[in-house]
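Novice: Here the protein sequences come in this chain order: H and A.
The first sequence begins at 41 in our numbering and counts up one residue at a time.
The second sequence begins at 41 in our numbering and counts up one residue at a time.
Read the hints as simulated data drawn from the structure, not as lab findings.
None of these values were measured; they are calculated from a predicted model.
Just so you know, not all the hints are guaranteed correct.
Identical copies go unnamed one by one, so any copy, or any two together, can satisfy a pair.
Claimed, not checked - Once the Cα atoms are required to be at most 27 Å apart in a straight line, the calculated DSS-like pairs of lysine-lysine come out as: (1) 662 / 256; (2) 405 / 118; (3) 235 / 698; (4) 390 / 426; (5) 256 / 115; (6) 603 / 360; (7) 222 / 488; (8) 312 / 277; (9) 235 / 222; (10) 115 / 407; (11) 712 / 486; (12) 73 / 360; (13) 134 / 216; (14) 73 / 235; (15) 662 / 712; (16) 103 / 335; (17) 256 / 698; (18) 235 / 216; (19) 256 / 320; (20) 235 / 426; (21) 118 / 426; (22) 277 / 479; (23) 256 / 663.
There are 2 protein chains.
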Amino acid sequence: MRLIIFIFVLLTLQNVCSQTLTVTSPGNILSLKFELKEGGAYYSIYRFGNEIIKPSRLGFILKTSPNFDDGFSIKNSKTNSFDETWTQPWGEVKDIRNNYNEIFIELEKYSSPIRLMNLVFRVYDCGIGYRYEIPEQAALSDFEIMDELSEFNLSGNHSAWWIGAYQWNRYEYLYKNTPLQKLDTVHTPLTMETKDGIFLSIHEAALTDYPSMTLKRTGGNNLKADLVPWSDGVRVKTSTPMKTPWRTIQIADTPGDLITDYLILNLNEPNKLDDVSWIKPGKYVGIWWEMHLGKATWGSGERHGATTENAKKYIDFAAKYDLDGVLIEGWNIGWDGDWGANGDIFNFTKPYPDFDINEVTLYAKEKRVKIIGHHETGGGILNYEKQLPAALDYYTELGINVIKTGYVNHGQNIKRVDEKGETVKEWHHGQYMVRHYRKVVEEAAKRKIMLDVHEPIKPTGIRRTYPNMMTREGARGQEFDAWDPNGGNPPEHTLILPFTRLLGGPMDFTPGIFNLTFNNEKPGNRVNTTLAKQLAHYIIIYSPLHMAADLPENYEANLKPFKFIIDVPTDWQETVVLNASIGNYLTIARKDRNSEDWFLGSATDEHGRTFNVPLNFLTAGKKYLAEIYKDGEDADWQTNPYSIEIVEEEVTGSSILKIRLAPGGGMAVKFKLVD
Amino acid sequence: MRLIIFIFVLLTLQNVCSQTLTVTSPGNILSLKFELKEGGAYYSIYRFGNEIIKPSRLGFILKTSPNFDDGFSIKNSKTNSFDETWTQPWGEVKDIRNNYNEIFIELEKYSSPIRLMNLVFRVYDCGIGYRYEIPEQAALSDFEIMDELSEFNLSGNHSAWWIGAYQWNRYEYLYKNTPLQKLDTVHTPLTMETKDGIFLSIHEAALTDYPSMTLKRTGGNNLKADLVPWSDGVRVKTSTPMKTPWRTIQIADTPGDLITDYLILNLNEPNKLDDVSWIKPGKYVGIWWEMHLGKATWGSGERHGATTENAKKYIDFAAKYDLDGVLIEGWNIGWDGDWGANGDIFNFTKPYPDFDINEVTLYAKEKRVKIIGHHETGGGILNYEKQLPAALDYYTELGINVIKTGYVNHGQNIKRVDEKGETVKEWHHGQYMVRHYRKVVEEAAKRKIMLDVHEPIKPTGIRRTYPNMMTREGARGQEFDAWDPNGGNPPEHTLILPFTRLLGGPMDFTPGIFNLTFNNEKPGNRVNTTLAKQLAHYIIIYSPLHMAADLPENYEANLKPFKFIIDVPTDWQETVVLNASIGNYLTIARKDRNSEDWFLGSATDEHGRTFNVPLNFLTAGKKYLAEIYKDGEDADWQTNPYSIEIVEEEVTGSSILKIRLAPGGGMAVKFKLVD
């Protein structure tokens with residue numbers, strides 16, 4: 041651990057009612073100013089001395105007064121410097137440095153009774169995290185928070201990329217890019233660019249027993265925390281001592297620096313699992329896309345997808361091409377009928393009669409292929425939690441240690457039995473569901489089961505603490521291309537995700553569709569990319585579990601480009617962003633965790649692009665064979681998406697890679713160390 | 041020369057009144073579509089198949105009809121491919137590739153008499169140039185153009201960086217950044233960014249006997265050529281055969297790619313001078329800044345700057361520190377009185393009595409220092425042209441072969457004697473002055489004299505044809521900081537120039553002020569940068585003649601940072617843009633033309649920045665000693681501009697340079713090859 045000189049300035053008593061504390065980041069880039077103004081608590085952030093977050097309110101409104109909103113004085117404060125490098129068991133990078141200066145502030149409010157509230161600010165060079173603590177105190181044990189007052193008072197009407205909160209589904213929207221002042225209430229991460237080319241992203245870390253924070257614009261450029269409420273209007277049901285999640289603000293000079301900043305992971309608790317040897321990233325295929333195309337069904341019947349025979353076909357395919365797993369959706373009783381409206385009909389230990397789960401798991405074991413289990417809950421939490429231990433044990437006994445979960449359900453529609461015994465309906469993002477998602481992670485961890493959660497709570501870095509929480513959905517995945525009546529995901533979609541949703545954590549986007557137009561199945565739909573861009577997604581979208589989402593026959597018919605999917609790892613030593621423009625283009629290089637090989641992905645929106653990218657990330661003095669998968673010169677996502685050129689070149693760290701991306705196109709490269 | 045496959049598509053007769061010709065760039069990135077619509081001529085530009093310039097009008101209105109505006113038919117067209125690499129005698133890069141596909145279109149108009157007009161389009165991967173030719177024809181010899189119809193019909197309301205045309209001075213304004221639809225009439229280069237992150241810049245090349253093209257918004261996103269008129273309202277006085285300047289449109293994926301694209305030079309005629317051995321880039325000091333500070337005067341009197349003694353002091357200083365030249369302003373009769381209003385009083389062969397030009401030039405010769413001559417005309421063209429041969433001969437006889445010229449004069453105020461013998465007043469940018477500036481270049485070339493033109497016509501690449509046309513002003517230089525009542529150039533100014541004005545050619549910005557605040561001389565003014573940013577300007581602003589603009593005593597008092605100015609070359613083998621954001625920041629590396637050393641400059645606007653820049657431009661396998669001049673950790677242009685840290689590090693092409701720029705700060709690095 042390096043020694044850091046800690047700068048701590050206490051400017052006391054600017055006037056009788058004002059007290060100010062300041063902390064500067066280790067590299068003297070950001071500074072955090074905390075102040076009490078007439079008893080109200082505020083923070084502001086300066087970057088190189090320029091105010092980038094203007095004075096922003098802190099505090100809470102409780103159900104029973106007195107509130108944590110004014111009348112504060114500083115009882116005590118202490119500072120601390122921290123510098124540690126820790127290792128991820130798997131991830132987008134192996135080693136992460138956690139280097140910050142911290143200030144811990146104890147506030148008290150001279151109401152009757154006296155109330156205590158603490159604040160912790162961690163100031164990094166690339167961002168700030170802060171959290172509240174309500175410590176044990178005489179006059180407060182169980183309590184209910186009606187509003188969190190945290191503000192993010194931005195310094196200008198920045199350009200913002202956002203999805204709205206409180207809509208019909210979970211997070212599966214196309215991002216909008218508008219001036220800040222055009223947004224109302226939005227999910228985080230909320231990413232912004234100032235007119236001077238500085239990039240910010242607001243999110244939260246370590247969301248464990250608290251509602252999701254959405255952001256509501258309260259006027260001008262000021263955003264305020266808007267906690268997703270319980271059905272009774274209370275935001276948080278809690279008791280002392282408690283700590284909130286960290287409110288995080290990443291700040292960087294380039295959009296690429298947002299991607300390679302690990303503030304959110306750093307603010308989570310270290311790994312709680314002793315043994316992580318059973319946690320393994322990988323690639324999978326599965327019985328899935330054929331349902332989206334309408335060629336098969338989740339429910340029983342003639343076209344039932346999850347049959348013993350079909351499962352064996354996928355197992356054979358995975359074994360042949362050395363893919364790690366096979367997902368099987370629609371294997372269990374409950375899919376017939378309106379399961380989306382009433383998830384209570386799912387049975388998690390009872391397969392359909394045409395799916396011999398013992399035969400399938402045995403066959404998979406022989407072929408050294410993992411079966412990825414599936415729990416679609418339809419949002420029926422009461423039903424799922426009742427079955428959860430048995431459901432997890434059932435899979436464990438079958439040797440299945442990866443489960444994809446699902447919570448397809450709309451709006452404020454998650455049934456709960458409340459304190460009075462009445463059935464009420466909750467949001468996906470409220471404290472009730474946050475608790476549920478966490479419970480499943482913990483129960484799975486006990487049984488050494490990895491998770492891939494669809495319709496999840498947003499990622500806030502829990503994977504650091506529970507590395508079995510591998511990946512999740514929580515954004516518009518590629519399946520929208522199969523059936524969205526509005527035309528699917530436009531080319532820019534995957535050029536926005538890495539700078540927004542993916543700042544929270546990995547995403548199971550399900551890339552790799554090779555039959556882009558599927559005119560036989562869904563003539564009105566298609567995938568809005570070139571073939572080469574599908575390959576680029578394996579690099580620019582990070583996930584420790586990546587699907588090869590298309591049907592085996594479409595890969596068998598295109599074995600040359602499929603080789604990239606076979607070769608690409610899902611666990612990385614290093615990640616380097618080579619160029620980046622939000623919503624426009626992105627080029628990332630990543631080094632395999634288990635070899636000396638590097639991989640590169642580059643992708644663009646609907647505009648063609650050309651770049652010359654230095655390959656200086658390659659080890660100096662070494663030679664590499666570059667296997668380049670690029671758009672053909674006549675490629676175009678609309679008119680000629682299948683045109684792909686695959687070439688080999690010998691390169692070194694001194695080489696320049698010429699990248700030419702077709703409209704809606706991409707490039708993928710494997711750099712194999714040869715000498 | 042490489043063989044290029046040329047794609048030429050002729051789509052005839054889409055309808056009876058429409059004829060279309062298409063040419064694609066060598067790398068199939070841009071394509072140019074020419075079409076006749078109901079007899080009117082239009083072009084449009086596609087990039088990767090997406091329309092980036094919508095159909096835009098072509099043609100002329102003449103003083104005597106019939107006009108070149110409609111009734112056209114295509115008489116003939118031919119195509120040609122060109123690929124050649126040529127060498128600059130000096131410049132920002134040694135070798136430039138000129139690679140385009142061309143279409144030459146002969147139009148005829150069946151008026152009575154028949155009129156002929158040709159169009160040439162050169163289509164590059166990074167831009168397009170087009171020009172008109174009015175060939176010899178029966179019914180047209182001398183003629184006058186009242187309006188050029190050329191349009192640039194942009195595809196959106198792009199973000200634009202611009203200075204307004206037809207204002208009080210020449211080009212010395214702060215750039216504005218607004219949506220395209222907020223501008224009225226502007227100078228070129230006009231640089232824009234689309235909402236999808238594509239960068240465009242419109243300018244012209246080879247402006248030799250034609251007025252400057254300004255751009256007027258005619259509604260929506262459409263710009264139209266607005267040629268600067270003669271005093272009688274005529275725009276162009278010309279005769280057949282004639283060729284217009286090239287209208288140029290640079291198009292790139294990054295702002296840095298605009299800087300390293302040499303479209304404008306490529307569209308100029310090759311070097312016309314047989315011997316260029318006498319043309320030498322270099323650095324100079326001079327009797328100049330002390331006048332701006334008010335410590336000395338141009339005119340005679342007690343504080344006269346251009347005395348024999350003072351000149352010798354500068355010569356001694358230049359000799360001691362191996363600087364190439366000494367500029368002496370205010371040496372000749374004419375500076376007393378209102379010279380700005382009446383340049384006719386300047387005498388270009390008569391020194392002031394206290395300036396012994398023979399003694400000074402002899403002293404300079406002994407010390408191996410060049411004297412840079414000075415011709416301030418005050419815009420008195422009649423007076424200057426009358427004396428020009430004698431004035432140039434006078435300097436030649438004294439051994440002076442570099443002249444700085446000046447044309448300080450405001451608005452439409454250049455006196456001319458018109459065809460009727462009456463005195464009229466012309467703009468700096470009209471055809472009259474374009475002819476004058478060209479005449480001086482040619483007269484100087486005959487005598488082997490290099491030019492540094494202040495208050496010039498804008499640069500359009502003439503330096504390719506006449507490499508004695510070294511550098512010029514034509515933008516707000518650093519002298520505004522000495523006396524601008526509005527506070528001088530803000531920190532962003534030199535982060536806009538490289539992407540706008542400098543796309544036309546080099547600029548004599550006069551960087552290197554070390555006494556940034558000069559409270560003794562001008563307490564209300566200052567230079568709005570840190571000291572390190574002054575050094576960075578020598579790299580980010582390209583000029584073959586760079587001034588070390590401050591007073592010798594300020595350098596003598598700061599010899600450590602001054603070493604960078606002593607070391608930095610002004611003639612380059614290569615230029616690489618490492619990062620770039622218009623108005624925000626810029627980092628450039630350049631390789632010395634005469635050694636294996638590299639130099640790097642990085643600068644920011646009023647915001648501090650951090651970057652990690654790979655040094656892959658250095659030769660692989662070699663070691664370099666990096667001499668780094670960087671902002672101190674506590675530096676800030678407003679509060680602490682002098683804080684600078686100078687460190688040495690050994691680096692290779694695999695190293696990453698950590699750049700930390702203070703608000704308004706910069707960094708300069710010399711990479712000296714050691715092994």
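Novice: Which earlier hints turn out false for this structure, listed by number in ascending order?
Specialist: 1, 2, 5, 7, 10, 11, 12, 13, 16, 17, 19, 20, 21, 23
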